[in-house]
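Q: Here the structure of chain A is known, so what remains is to put chain B in place on it, guided by the hints.
First to last, the protein sequences are chains A and B.
The opening position of the first sequence corresponds to residue 11 in my numbering, with each subsequent residue numbered one higher.
The opening position of the second sequence corresponds to residue 3 in my numbering, with each subsequent residue numbered one higher.
Calculated directly from the structure, the hints in this document are not laboratory data.
Just so you know, not all the hints are guaranteed correct.
Calculated from the model, a selection of chain A residues having no Cβ within reach of chain B, i.e. all distances over 10 Å [as the list claims (entries may be wrong)]:
(1) R337
(2) L340
(3) R485
Just the calculated beta-carbon pair ranges, DEER-fashion [claimed, not checked]:
(4) R29/A to D21/B: 56 to 62 Å
(5) N141/B to E338/A: 42 to 48 Å
(6) D21/B to M110/A: 41 to 47 Å
(7) R469/A to L110/B: 35 to 41 Å
Partial pick of chain B residues on the chain A-facing surface, computed with a CB cut under 8 Å [claimed, not checked]:
(8) F49
(9) Q52
(10) R116
Here a beta-carbon is modelled for each residue, glycine too, at the ideal position from N, C-alpha and C.
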Amino acid sequence: MTESVELVLNAAGRRVPTRVNGKDQTPFQGVGAYRPQGAKQAPPIRSCVDYPPSGDKRMPSLEAALRACGLRDGMVISSHHHLRNGDLVAAMALETAARMGARDLMWFPSASFPAQAVLIPLLESGHIHHIEGSMNGPLGDYCTRGKMRGMGVLRSHGGRWQAIQDGEVKIDIAVIAAPAADCFGNCNGAFGKSACGSLGFALADSIYADRVIVVTDNLVPFPCIPWQIYGNNVDFVVEVDSIGDPAQIVSGTTEITRSPDRLKIAQDTARFVRDAGLMRPGFSFQAGSGGTSLAFTAFLSEMMREAKVKARFVRGGSTRYLVEMLREGLTDYILDGQTFDLDAVRSIASDPRHVATSPFTSYNFHGKGNIASLVDVVVLGATEVDRHFNANVVTHSDGRLLHGIGGWQNCLTAGCTILAIPSFRDRIPIIVDEVTTLTGPGELIDVVVTERGIAINPRRQDLLDAVRTSDLPIRPIEEIQKEVEAICGGKPQKPARTDCPVAVVKWVDGTVLDTVWQVGCAAEHSAAPEG
Amino acid sequence: MATSIPTLHRAEAGHAGEDVRSDLRVIFEPLATGAVEIELHSRVAPFYGQAIEAQARAVLSALNVSRGRLILEDQGALPYVIAARIEAALRRAGLPPGRRALPEPVPLPPPSPRDRLRRSRLYLPGSQPKFFINAGLHNPDGVILDLEDSVHPAEKDAARILVRNALRSVSFGSAERMVRINQLPAGREDLEEIIPEAPDAVLIPKVEQPDQVREVSESVGALKLRAKIDRPIWLIPILESALGIENAFAIASAAESVVALTIGLEDYTADLGVVKTRSGDESDYARRRLVNAACAAGVQVSDSVYGDVGDLDGLREWARRARAWGFQGMGCVHPRQIPVIHEAFAPTKAEIEKALKVVAAFEEAQRRGLAVVSLGSKMIDPPVVERAVKLVNQARAMGLLPEAANSPEGGER
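Isolated chain A (complex conformation):
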């Protein structure tokens, strides 16, 4: 850590720094309490006079494009994560910038993946100063061990849009990997050998960045339809052999969990949704792409079929399970944020009812509403939850960064927020006295479904009443906690950690919700792969 930081207690009772990476911060003030003033961030005015009238914005190389963008030390370079662990472009851009001699860059991905651990040498050599974006795997370890010069800033998908729009982060150069693009810069993720579905995570970057480079391995003649990203926002187009490894971009097929315990959690979650009366004609839901969520979707589909109930829309991340619902008529629409398997990629490319969305429509807190709060039911995971239903999704119980926030925080505003989680993992209880890192305030989390029972937040008397007569295993959360602690051999020790902040967790409104503290010794070499 470079500067000494002042820490204050925020409205959630967590100690947070007042300055992060040289910028003043607003501590979390409570759910819905913070109302920022002023105007949005705006990029400079550009004139079409400065762009080729032919519309051909191609540059011979990424290096030429970066040079034309005026690459300098200390710039903010952004990328999106629709290519997931198969992405080659973010590393290509940063490595090129480093080769050109740029230093102290800030990398601003919409999320990072284990494959991007190749950037650790650039952090070590000073070409990259720090990362603001989710970090897990080796990058997460690197940050949690206090080796990064700046502080990590973790934002939700909606929070990233908010930060860009509100001017908290000014992107100098956005590098957008595009599975299909024309030479004007129109592009989409639906087609091509590296197809990934949507490009929604790059939309804010394309609108607000000073300069925008589209990198594609599938240049099509104008017009590239649909134009998920407008060429009118794009400065340069670069053609490369490959933007990603298709095998790592989408899975050939996504699979439901086979674990009987997780299947039970998924089934009880679906039964809860049904028995609480949430599964009614025209309802909507969102569940992730993890094995438990997929199983939930499958169980709920079955119950909808039986009860002849149709949803108005289902929110993606989409998989073949959602696609099957759409085809079968169990939902009118899929409103999709990202596309996880081949069936979903094919569907979004061919079915007009399968709609690509962006964090702007789905999640942005500083807009005139967003889709997330219109969703009736959302099913999420978590690494820990406390007795007041506060939850952690970013760190492992030992304090190491484990997951990005993704859309998790944004989804908490749904009508009914359900965490579907095992009550302990490898002897480590999930229901704890205090979460390691607060990621979601308990007042927004309504139900916790574990294999040992379902706990309903006492704030939701309506839900408690709704399932009073059902035979679901409804139990107080304290009772489940006690049972699990008895199984695991008592309350766990508090793991050791330092008092040195290495990252902050932002709330959806840009305020600082919690701090991630350094774990272990900074001098020690980061080694252990994820457990």
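A: Here is chain B on its own, set in the frame of chain A:
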């Protein structure tokens, strides 16, 4: 005893490695001098490192071992597993039997009634603790902690300690707690270890003669006496050969504590030298004979397992036919088979409705002092009434009818 400490040698027990969960490897190394040294490698060390070390010392002390090094390679094992693996390592190291390091017990569930529902019994390999802790959550009527075919011969000694600890420290919910022992004489060692923890039932494999059941019954009786256990421990013989099937009635009648018969089709078809098929035609005779023998002896009868976990439709079909033939349940090898089996062994709606009518007619006749029960224009024979009462009680036990609202026993309110 404590003065003549035997010489212990290096030994290990348990499992470790990337793909192992909820287990650990324990390595014991004798030390010439000094006290106890504990070396712990565990991903849960930040949370339970102190607890694990304290437990390891307590186990050694209970086993009366006062020096040596324990290396624990832990993969998130629960305390009862840690105790079992340490004890197994020490026994392998040469510790004489007699001392045990028993983990914290959970309350013993109520004794198991002779005629309880036995629709599903879930097999749990006795050397794989990761499946134990949540088995009861899937609501099988019984769990079988298996010491026989699913346990490698070299692991039998460690498995029986682990199973003993599981019987003592794991809550299996409302499931009947069963153990499948090995054939005698090895099975006798199993019994010595597990009977003090009062399992509800013991499955005896590969029974061909009634004497095999009597032997087990006597051993169980003696061990119960020694451990001062006065609740039933039922016996369930598994018939797995042509000879066993021929002797089914004698086997079922061999001891008072026999509560059910069941069949092992893998071994049975091997004995016959035929291929085991999806339809199971080749074992029709054996299974029907088993039903008849069990009924004649007044015990329950349960079908074999359905081995293809992915084929739930095949399982459903098999289970429905088994019920039609007179079986009351079957084995399962995966929790997802449980609801399918319970559904298949449940009386149908039409059956329940008809039985309720018969019972109502019977009660009406009783009230009016009539000797003859009639439903509409039909006279109803006593066996029909008896079967209807049985079916209604069964449906109630399965939760298919509201409690006591229309109880054939008279309905206490």
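Q: Confirm or reject each hint.
A: Status of the hints after comparison with the structure:
1. R337: 23 Å, holds
2. L340: 22 Å, holds
3. R485: The claim stands: R485/A keeps its Cβ more than 10 Å from every Cβ of chain B (closest is about 13 Å).
4. R29/A to D21/B: 56 to 62 Å: At roughly 46 Å between Cβ atoms, D21/B and R29/A fall outside 56 to 62 Å, so the hint is violated.
5. N141/B to E338/A: 42 to 48 Å: 30 Å, violated
6. D21/B to M110/A: 41 to 47 Å: Once the Cβ atoms are compared, 45 Å apart, the range 41 to 47 Å for M110/A and D21/B holds.
7. R469/A to L110/B: 35 to 41 Å: 39 Å, holds
8. F49: 4 Å, holds
9. Q52: At about 6 Å, which falls below the 8 Å cut-off, the nearest Cβ of chain A leaves the hint on Q52/B intact, so it holds.
10. R116: Check failed: Cβ of R116/B comes no nearer than 27 Å to chain A, outside 8 Å.
Going through the hint list in order, the structure does not satisfy hints 4, 5, 10.
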